[in-house]
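The task is simple: from the sequences and hints, build the whole structure.
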Amino acid sequence: MALGRITTPLVALAAIGWAGTGDALAQSAADRAVEAAQQYAGTTLTITWEAGLQSLDPLNFSGPKWEELTGIEVKVVEMPITELFTKTLAEHRAGTGAYDLLNVVPAWMPDLVYAGVLEPLDAYVDRYGYRDELQDIAPTYRDNQMTFDGQIYGLPDDGDVFLLYYRTDLFGDADNQAEFKDRHGYDLAPPDTWAQFADISEFFTERMGEGGYGSALIHSPGLIHYLFEERFRLAGGQFFDADSMDATINGDIGVDVLSDMVAQLDNMPPGAAAWGPIEVLNSWLAGDLAMMIWWPPPGRWSAGYGTDTEALSWLPESTVAGKVGYASTPGARPQLAAGFALSVAANSDNKEAAYLFAQWMNSKEISLQRVMLPFALRDPFRTSHFESEEYRALWPAAGEYLDALKVGSETGLLDLSIIDTFSYEESLTRAITTSLAGGDVRSALDQSAEEWNEITDEIGVDDQRDAYAIWASKPNAYPN
Amino acid sequence: MSRISAHTGAAARLAEPSPVGVLADRYFRYLIVWPAILVLLLIGLFPLVYSAIVSFQKINRRVEDTSFHGLLNYGRLVGDDRFWESLLHTGIFTAIALPLELVLGFLLAKLMLDRLPGRQVFIALLLLPAVISPIVAGAMWRLMFDNIFGPINQVLGWIAGGPVNILWTINDNPVVVYSAILVCEIWQWTPFMFLILLAALANVDRSQLEAAELDGASYWQTLSKVILPAIKPVVIVALTIRGLDLVRLFDIVWALTRGGPGTMTETVSVYAYIRGFERFDVSFTAALAFVVIVLLSLIVMAMLKRLEIAR
Amino acid sequence: MSPPWKARPWWRERGAGRIWARLAAALVVTLLFLFPVYWLFATAFKTPEEVFASPPVWYPSDINFETFWVLVRDGDVDAVWNSLVTAGVSTVIAMFLGTIAAYSLARFRTGGDNLAIWIISQRMIPPIAIVFPVFLLFAIIGWVDTYIGLIALYTAFNLPYVIWMMRGYIEDVPLELEESALVDGLTRWQTLLKVVFPMVRTGLFATTVFTFIFAWNEFIFALVLTRTDVLTFPVQVTHFFGQQQTFWAKIGAMSILGTLPVFFTVAMAQRFLVRGISMGAIKG
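Chains as they are written, first to last, in my numbering: chain R, 1 to 480; chain Z, 1001 to 1311; chain S, 2001 to 2284.
No lab work stands behind these hints: they were computed from the structure. Hints are not guaranteed to be accurate.
Unchecked claim - Ranges of calculated distance between the beta carbons of each label pair, as one might list FRET restraints:
#, chain 1, residue 1, chain 2, residue 2, range
1, Z, K1225, S, R2018, 20 to 28 Å
2, R, A189, Z, D1245, 51 to 59 Å
3, S, R2018, Z, R1206, 14 to 22 Å
4, Z, Q1120, S, G2142, 40 to 48 Å
5, Z, S1207, S, M2268, 40 to 48 Å
6, R, D192, Z, P1163, 47 to 55 Å
7, Z, A1095, R, V262, 27 to 35 Å
8, S, L2027, Z, Q1221, 25 to 33 Å
Claimed, not checked - In silico contact screen, one side only, chain R against chain Z (beta carbon under 10 Å); selected entries:
#, residue
9, T82
10, L134
11, Q135
12, W275
13, A346
14, I459
Glycine included, C-beta positions come from ideal geometry on N, C-alpha and C.
The structure is reproduced here in structure tokens:
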């Protein structure tokens, strides 16, 4: 890969920044990390990262920059996100010590903690004076990605949250507004409730004519459970009875929510029941949709930010640039939907250096550079990111975009994160896909609830009750 | 089982003292078989023994409990409807795909065997589907089956004379979803049957064919009396191998439906992937592997025995 | 059939009609089988808009090779090389060890039915179920992320297939040739290499092709047993599928790069097969 001394203008900016802060007393967390890490010059850190766009960050930006500053080489092991957990655990069980620094999805954190894979980070945080800067990370990401049972196991590193995208040209059209108000008795605006979402989606499916649809949502297995979890909790649902740990997803709330998810297919492109993120995104960029729900990146891409770079050449050209509005998902309690924390592997031989690299990447100044990389998939996650003048100037509506993300960072709902979360999600996913294919919603959810109880029994009701209590006690586990 | 050869007498004769001498023979027959067995033992034995042990323990995502847990995992497996259903789905896929691949492969081989200009190119081209990485093939078929972005519904629409909106990968009609998966499977693996049958047909003793022709045998008579018996050993092996590989059917299903909707198309390998790989339920999956191996061994032995009796 | 020295083109011969019919049939079937391959290869040249166009776009508007260059520059093509090495070397070893073992099984009935069944039972194991034990074993002996690890594994993985296939082909060879070779004073090894191998060369060819393809396409072991150094083709390709991105152009281009070596090898090596075909050609 062509790596000059300075890869992008942003790196140059960052370099100038460091040159200016020589004073030891005014040292930033990033500088402290660099200074402490210099004694490990010559070692190699191995880090796991999601393959593709995500890993361009350590490959092209943070890795080379870190090596230049500290003499520590960074080796990136790329893998699809679906394999991250299993490969991490397998290497740990085999005791290979192959990985030093890990990308961890919050839903797996309890499992990795129980398995002893993750190093507790509190001592490191204190030793290198990082606590203050951790406070700058938006509260929901801290809840979602940082701790388990009061201990720090990861540095929250990605502001993943669902965002509603809508077409400002369609929503702002006077005819549309008049007609909508006439029909539904309230103003056409980004929906506050899922009932409004249904009205608007139906309205535009009709108004946009052939090839145009009110909305499309991500329905693919592995992701579809996020949407259900969000809507289910928004409607007042609880996953478990906190005492008996009986699954409670199959009550009327669950059935209503899932039934409406199925009903919404009528206002989506035919076939959208099988669509994943890519199909939805393509349809959106082609201008076929009035609304979609996605993670933050399309907010930048739809506006054309960075889309002329080679890294984003796989992206269809946006036909909707300048017509994109950002809003919170209906009910303004968007699911955080994955995200990443940086964790240190407990059986690494380079824990100190690994932590320091994580602190440096995660620090205020470096993380801002990273979330502004045009090709980055790391989304803003610090209060200072949302308020950054530099970021807000990147494209005309960037301020609006960051504001919408900021709402999510304060009100977003945490991903379910208990023991063996995967098994629960996998069961729920099958109930949802059965329903989307036209199966009976109630019986699908009943079966899933039964499976949830079996999984809980297998794990041990008491253990799971504890893990669930830890999760449910976090402020944004449930809406209230 | 056994011998798939028609030369029983001759083989026995050669195993008897030969011109080179008994000792040399005995030495030789083991000398040439040992390297292969050694490799199989070195690589295959540890995982198998380890799995056998693990299947009686409790090693999963969270715990690494190596104490003896008796038949815990086997009990769970036997009572697991999802496992038996996945076996059934696998059986359905195999029962449909295997004969279709055999017949298609045979017809193609016949076509290539006769005089055909550009045969070399045709043969190489027909092998291409098997060379495409199954993960890629699955993803590409998913794109092709897409209702909006894919050419399949478009072409069907031309034939039907109106828009066709079949949802191939998510549908409550199993016939549709199974068809989609079977099309990919047959597309990808017919080349295997084709090439093996081509090689087998090419080896058919030419003098026998000429003799049959001189006797005035009809084409069908030649086929059933001379050609089929001659290629039978290879066909049986090919069917066995392909049948066993179909039991491991995974990539295409995973890419197209992930076993869904629900568990409608979940094969035993997809289930093993979810339990063993994604869920990291190591002990349960080890038990599953053993049950599958035992079931398959019984089927293969029964099948081979039947074939021998039928002979 | 006309003798070669007449050099009369086939379409002038008697029975040219049948050949035309066969040619037409072969063309239709080949086109059907190749359409998905074409669709995949075409994505290497399509713009992102064309990949996801509705209605679908059947051919790219512009042919340029930029994606290929990017793959070369970023080192992604190393995966093709890694796959060629692991699949190629393991195929050679498996074919040799497997064929001589198959000869022993076919001619001397070594180990009887039990050995044959045991060998084939190695292929009944779902790879997913034993990938972690293999990983543990390899971690202990330091074979994770090495060529030798994958080569050893693929050799073992393909041996049952080679042994069973080649046993079938060898059993079809009349014994008399070997007997007379032995009488003529050839050693066992010479008989095997100079008499038996040539007799089963079509079988050897067909078996080799798919031994190679099985190793070439193997995914789950390669996924778990590699990290960065010996990523094989199927593993590398999954890096182009992400949750928030799919690099279809790269997937298409990599598939072309990965398919071509195999295609040309097969096309070249067909001398073996074709000679076999003309030997056994029948009139239909």
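The hints, checked one at a time:
Roughly 23 Å separates the CB atoms of K1225(Z) and R2018(S), a value that falls within the hinted 20 to 28 Å. Evaluation of the 51 to 59 Å hint for A189(R) and D1245(Z) yields a pass: the beta carbon distance comes to about 56 Å. Checking the proposed 14 to 22 Å range against R2018(S) and R1206(Z) shows it holds: the Cβ atoms sit about 20 Å from each other. For the pair Q1120(Z) and G2142(S), the beta carbons lie near 44 Å from each other, so the given range of 40 to 48 Å is met.
With their beta carbons about 30 Å apart, S1207(Z) and M2268(S) fall outside the hinted range of 40 to 48 Å. A hinted range of 47 to 55 Å for the beta carbons of D192(R) and P1163(Z) is inconsistent with their spacing of about 36 Å. Remark: the range hint 27 to 35 Å for A1095(Z) to V262(R) is upheld by a beta-carbon distance near 33 Å. Between L2027(S) and Q1221(Z) the Cβ separation comes to about 30 Å, which falls inside the hinted range of 25 to 33 Å.
Nearest Cβ of chain Z to the Cβ of T82(R): about 7 Å, under the 10 Å cut. The hint holds. The closest approach between the C-beta of L134(R) and any C-beta of chain Z is roughly 28 Å, which is over the 10 Å cut-off, so the hint fails. Residue-level restraint check for Q135(R) is violated (minimum Cβ-Cβ distance to chain Z is 32 Å; threshold 10 Å). At about 8 Å, the closest approach between the beta carbon of W275(R) and any beta carbon in chain Z falls short of 10 Å, and the interface hint on this residue holds.
At a threshold of 10 Å, the smallest CB-CB gap from A346(R) to chain Z is about 14 Å, leaving the interface hint violated. The beta carbon of I459(R) is positioned within 10 Å of a beta carbon in chain Z (closest approach about 7 Å), and the interface hint is therefore held.
Hints 5, 6, 10, 11 and 13 from the earlier list are contradicted by this structure; the remaining hints agree with it.
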